[in-house]
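> Sequences listed follow chains A and B, in order. By the count of our numbering, the first sequence reaches residue 411 at its end, each step adding exactly one. By the count of our numbering, the second sequence reaches residue 411 at its end, each step adding exactly one.
I should point out that these hints are in silico values taken from the structure, not numbers from a laboratory. Be a bit skeptical, because a hint or two may be false.
The list treats identical chains as one, so a pair stands whether inside a single copy or across any two.
[To be verified] Below 30 Å or equal to it, Euclidean Cα-Cα: the simulated DSSO-like pairs (lysine-lysine) are:
no., residue 1, residue 2
1, 365, 148
2, 264, 84
3, 330, 84
4, 264, 402
5, 330, 365
6, 407, 266
Protein chains: 2
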Amino acid sequence: MRGSPHFSVIRRCSATGARLGLLRTGHGPIETPAFMPVGTQATVKALTPDELAACGARIILGNTYHLYLRPGHHLIRDMGGLHSFMGWNGPILTDSGGFQIYSLAAMRKITEEGARFRSHIDGSYHTLTPELAIEIQESLGSDIMMCLDTCIPYPSSPEEVRRATDLTTRWAARCKRSKTREDLLLFGIVQGGMDPELRRLHAVQLQEIGFDGYALGGLSVGEPKEKMYEMIEATVPALDTDYPRYVMGVGTPEDLVNAVALGVDLFDCVMPTRNARNGMLFTWEGRLVIKNSRYARDSRPIEPGCGCYTCRNFSRAYLRHLFISKELLSYRLNTIHNVHFYLSLMEAIREAIFQDRFHEFKKRFLEKGEQK
Amino acid sequence: MRGSPHFSVIRRCSATGARLGLLRTGHGPIETPAFMPVGTQATVKALTPDELAACGARIILGNTYHLYLRPGHHLIRDMGGLHSFMGWNGPILTDSGGFQIYSLAAMRKITEEGARFRSHIDGSYHTLTPELAIEIQESLGSDIMMCLDTCIPYPSSPEEVRRATDLTTRWAARCKRSKTREDLLLFGIVQGGMDPELRRLHAVQLQEIGFDGYALGGLSVGEPKEKMYEMIEATVPALDTDYPRYVMGVGTPEDLVNAVALGVDLFDCVMPTRNARNGMLFTWEGRLVIKNSRYARDSRPIEPGCGCYTCRNFSRAYLRHLFISKELLSYRLNTIHNVHFYLSLMEAIREAIFQDRFHEFKKRFLEKGEQK
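Please model the entire structure based on the sequences and the hints provided.
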């Protein structure tokens, strides 16, 4: 196979599958492994683009399902595309909408043609086809588009898994055919349920069609952690080493470190942002639940030494007060810290790979959290 | 009477009662007329202190009632005072809690001793006395403290008004006697319902006790606008011209301009912040309701030429989308614009007084809004 014109592996860990890569997009390059904060409705909840950048974000994710329903992809296209609309000038990856139709829509019916569903907002009927998924994403102008896939519950019967995986393959081919913009990348999504053999087979089939990168979908859907890692381990060796690999919707800091060791390059997850709004803060020493009364008079920042705006300016006592008082500022300050933590973790991972000490980094991180 | 050691009138308008003043506090001087954004629970809702300063805020207001109940004034004192706790290094004025007990508490009983009430948060019983109001405010370390006053509904009977006003006088004397911190200013609150003669009398009585400034309380409580102006007009001439005058809880941009013309120096109001969260935005051309469908594809900022962060970065179309989607960022971006508008208006008022063209400014502003 030829190498990717958009991705280069720069360094490889000598002890694990981890690699440091460079992914080039229409809105600039990003180093991988990278984590994408989730900007569902054209905003990473509670943050401005400036704050995102200050937290270390280089690429963010947008949700096709949400933006299609509201405000609509034609409106965003007419306003100059998603970057211009939301004021984010870095790369954007958009998902295909398949997972949200599965998890959010009021009704869902899958046919060969596409996914018929009812909007969770107003109950209106829609059909998302592979062609429409690409049209929407091209209208948004996302730097990296995802093929429409079909998602299934965990557990599912072997027949169900097989049928959904085969349909995902045919939809992927239709996505590729309907793509018109050369400047945007398109990733395929490997499905296959929790069947390692089917995962490998699907990876091969998608590579025969040929995409700019490959995602692992249908993980972190309720299966045991070991199953998830097993699926990643089964799939990655079947993927061309010259293309980026993306595990969708994953995960905890520990998940990221483990998946990087298995050769994964890209991640997205609502965990840092959603948990922040619920008052759960990540630190290198573990997690901190800010409403805990032990913090009522704690004048220290969330994490002493942390360079985020929140830690540079506010005490745990103040953050606890804001959270208990349900003040809007609480959600923002907590989100800034968690996003900064996730992106600092990715930076530390990249640095460790670059210096070929990732194996040691991983060991220490998983044992007790690495000191910064 | 001697002049105030904390306040100087620098310029007087030749055609109205407006004046440009300098009020010196323990956290720096502020020019008046000034507007104070309301930071009820140790945060101006949705904004960081940095954003407040960038919006032009020089002094903010905190609510004694809320901070006493949560997180408690002893906690804030132990965390270094309100400035340190919330990260705002400019002047802070705190109200006395009287109005919130009147408007928010689950139960209220006024005696000579003080105001007995039940918390709106947890139903617990409390008694706020004049002495406790000062103790709380001294613990918070607010630069300007307010005397505890008794608030009455509009309309009230003459006896009720008289009784409440007399009690406010006795409480004011107790507040002054219990004050221990020389570095903090204490303002009296003129009551008197909608009785001009009683307002004048009360102003005289409070000045006999002697305070660092004088507020007009019990206005903007449902009375017709003309009544409010009538009360301001009745009271101001009874107040020593060398002391700052503060109309509490007022008001619309038009109210501010009119009250400045009557000689008022200080204002606070939740209108810019609360209306922002409800999607109502102030501009020099009038008000703009952001959810209106006419803005769906409007690529202009809220107010072309406005220097606020929101207008420099985001379109009406995007702000409408955020508001309709109930995104946290909506409340913040709208608040930034409205606070910036109010503080720009005050700056324009001060500039107009300085150049002795306030009368013309007022005329044009009230006629059709002044072009920036």
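> State whether the alpha carbon distance between residue 407 and residue 266 is at most 30 Å within one copy, between copies, both, or neither.
Classified as within; 23 Å inside a copy, 68 Å across copies.
> Using 30 Å as the alpha carbon limit, work out where residue 365 and residue 148 are close: within a copy, between copies, both or neither.
Intra 39 Å, inter 29 Å, cutoff 30 Å: inter-copy only.
> Is it within, between, both, or neither for residue 264 and residue 84, if the alpha carbons may be no more than 30 Å apart?
within (27 Å within a copy, 40 Å between copies)
> At most 30 Å between alpha carbons: which applies to residue 264 and residue 402, within, between, both or neither?
within (18 Å within a copy, 70 Å between copies)
> Please sort residue 330 with residue 84 into within, between, both or neither, judging by C-alpha distance up to 30 Å.
Both: 20 Å inside a copy, 19 Å across copies.
> From the Cα coordinates, with 30 Å as the cut-off, is the pair residue 330 and residue 365 best called within, between, both, or neither?
Both: 11 Å inside a chain and 24 Å across chains, each within 30 Å.
Every hint, counting from the list given before, is met by this structure.
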